[in-house]
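Each protein sequence line maps, in turn, to chains A and B.
Per our numbering, the very first residue in the first sequence carries number 113; after that it's consecutive.
Per our numbering, the very first residue in the second sequence carries number 11; after that it's consecutive.
Derived from the structure by calculation, the hints contain no laboratory data.
Hints may contain errors.
[To be verified] Some chain B residues close to chain A (C-beta under 8 Å, calculated; not the full set):
1. T41
2. D43
3. E50
4. P154
5. R156
6. S218
[Said to hold, decoys possible] Over the 12 Å line for every Cβ pair with chain A, so calculated as not near, a few chain B residues:
7. S49
8. R190
9. L213
[Unchecked claim] Computed footprint of chain A on chain B, listed as stretches where at least three residues anywhere in the stretch have a Cβ under 8 Å from a Cβ of chain A:
10. 59-70
11. 81-87
12. 142-150
Every residue gets a Cβ at the ideal spot worked out from N, C-alpha and C, and that includes glycine.
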Amino acid sequence: MGILTHGPRALATIFVALMISGCGSGASPLPDAARPRVVSLAPALTAIVKAVGGAPHLVGVTSFCDAPGVPVVGDFSPRPEAVLAQRPELVLMAGYETQATTAAALAGLGLAVKTLPLVTLADMRATTREVGRLLTREGAADAVIADFDLVLAKARPVGGERPVKVLLVYDVQPGFVITTGGGDHLSEVVAALGGENLVSGPVTARIGLERVLEGAPELILHVAPDARFPDSAAATKHWSTWPGVPAVGRGQVVVYPDDGFARNGPHLAQVLPRLSAIIAAARAARPANPGVAP
Amino acid sequence: MTARRQVIVALVGVAIIAVAALLALIIGMPTVDLGVALSEPTSWQHQALMQLQLPRIVQGLAVGAVLGVSGAALQGLLRNPLADPYVLGVSGGAALGSASVSLVAGALMSAAPLAIAPLGGFAGALLALFIVLALGAERGVPSPLRMLLVGVVVNALAGAALMVLAALGDANTVQRTLVRLMGTLGADPAEPLLVPIVVFAALVAVASVMPHTLALNLLALGDDTAKSLGLEPERLRRRLFVLLSLPVGAVVAVTGLIGFAGLVVPHAVRLMTGPDHRLLVPLSAACGAAFVVLADATVSALAGPLGTELPVGVVTALVGGPVFLMLLRVRLRGAG
């Protein structure tokens with residue numbers, strides 16, 4: 113029962129790491145590698161490498177990465193020899209707590225390990241630039257960031273209406289919601305699009321339902337579908353026990369249809385228009401008289 | 011024990027529970043104005059009080075009572091001061107059952123209900139109990155030491171199996187189950203059966219043990235002496251193991267592992283009442299209820315400053331561990 117005695121933070125870290133990851137795997141012939149040969153141990157970093165045109169550099173990825181044809185070396189913490197076998201000249205890691213031992217082991221084997229954080233949008237921009245620099249694709253990296261910032265600027269709402277109060281949901285437990293307390297790309301994106309994260313606290317926070325009642329969110333947004341809440345209809349049904357919550361009463365319970373919002377990376381440029389529409393719909397659903405409390 | 015003394019014990023128990031519930035109500039909802047909650051039925055405070063906080067307090071009292079009663083009874087049955095309600099493998103069984111069923115349901119159903127994990131946990135706890143009873147008997151007679159050892163092994167095997175599931179199955183699902191099993195109280199109108207289940211479990215636990223408190227006193231004298239006084243120790247053990255594992259399994263399945271309550275509370279009560287199970291069992295139920303519900307209120311009160319709510323099992327362990335060491339020191343000093 114050892115794992116049950118671990119702190120919730122460690123488990124939550126794994127959970128969040130998985131939530132911000134893509135899925136998929138591939139196995140087949142080793143591609144013609146460019147230099148440097150890169151092993152990526154984070155799905156988001158793999159996506160960034162691909163976004164800057166660095167796919168030919170990839171000689172190893174995790175089983176959660178979307179990189180068909182590239183050898184899979186394991187999960188977030190692969191056996192060091194599996195990484196070593198790909199003869200990488202650079203190992204990219206995202207700094208998850210659970211990867212610390214692996215990072216130390218790989219560095220101890222003499223591999224060049226680069227840890228690149230990916231929590232905030234600033235992290236994403238800096239990491240994209242750094243990946244571009246490491247792969248000598250600075251121009252492509254700058255272009256990717258410029259595209260993202262352009263889409264973000266276009267998606268920002270005009271006008272001075274107060275922000276839409278948004279409850280971001282990772283998971284629901286009896287009496288609790290697992291959410292983000294801010295300081296990550298989810299809250300930043302919501303804020304940029306005219307929303308406001310209801311919760312302030314640690315990046316991964318567990319809050320009681322009374323805080324949801326107190327906060328009166330205007331939009332309940334499940335950040336990605338899962339087995340229990342595969343779509344908005346399932347989530348709406350679950351939350352219907354709280355008709356007094358403005359988001360529920362106004363039909364503004366939404367499950368974002370894929371994991372694009374949950375993952376951090378330049379691909380968020382494709383997420384922004386849809387997310388902007390979701391937040392705009394919640395704003396439009398407000399009662400006509402703004403002076404009346406919801 | 012005279013009828014008058016029984017009434018006094020019952021009143022003391024009720025008073026402990028009432029004071030704890032009231033304190034939990036006051037400190038557990040720092041953002042809720044009780045006046046508004048009681049006077050304005052349309053306010054969110056009223057909803058929070060009636061649909062969340064009160065059911066949660068009831069749940070905490072019931073869970074604490076189950077842990078207190080079963081801890082006191084198991085320590086007596088096994089004549090082992092380190093016995094606690096999770097000793098017979100039900101914790102590992104419940105964890106494995108919850109995770110397995112969640113994984114299977116996730117694979118087969120488009121939207122698995124929340125209650126599927128507790129149901130799986132209950133089934134897992136029963137399976138673990140069956141294994142412990144089957145392998146912990148010598149020639150059909152339950153052996154306390156053997157059952158303890160088999161329980162430890164079952165818990166360890168379940169832990170290993172969970173690791174395998176986490177590695178091979180949907181890691182998200184397994185991690186969610188494990189986080190839930192860290193010990194959490196929480197009522198949710200979307201899952202209306204969870205509170206009645208633990209209340210029923212508490213009634214079963216108390217009703218199972220109370221008629222046997224005198225027998226537990228005889229058992230403390232040793233099996234041979236108990237037999238000479240007309241008791242059948244094997245039969246009593248088998249009966250109470252089964253009867254107690256049902257509520258403990260239900261509680262673990264619903265709220266996860268709330269550590270130390272079932273271990274520390276009977277020891278603390280024993281310091282005040284002595285070893286008489288006629289006092290020890292009911293007061294362990296009351297004090298267990300108070301301990302868990304106050305620990306949970308502390309967790310709720312800390313949620314504001316911390317920005318997140320800790321599992322109640324963390325607080326019971328943080329408080330229960332040092333208290334247990336302190337009790338140990340007091341008893342050693344007394345023995346010296």
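To see whether the hints hold, each was checked on the structure:
{"no.": "1", "hint": "T41", "in the structure": "holds (6 Å)"}
{"no.": "2", "hint": "D43", "in the structure": "violated (11 Å)"}
{"no.": "3", "hint": "E50", "in the structure": "violated (12 Å)"}
{"no.": "4", "hint": "P154", "in the structure": "violated (21 Å)"}
{"no.": "5", "hint": "R156", "in the structure": "violated (20 Å)"}
{"no.": "6", "hint": "S218", "in the structure": "violated (25 Å)"}
{"no.": "7", "hint": "S49", "in the structure": "holds (17 Å)"}
{"no.": "8", "hint": "R190", "in the structure": "violated (6 Å)"}
{"no.": "9", "hint": "L213", "in the structure": "holds (21 Å)"}
{"no.": "10", "hint": "59-70", "in the structure": "holds (count 3)"}
{"no.": "11", "hint": "81-87", "in the structure": "violated (count 0)"}
{"no.": "12", "hint": "142-150", "in the structure": "violated (count 0)"}
Hints 2, 3, 4, 5, 6, 8, 11 and 12 from the earlier list are contradicted by this structure; the remaining hints agree with it.
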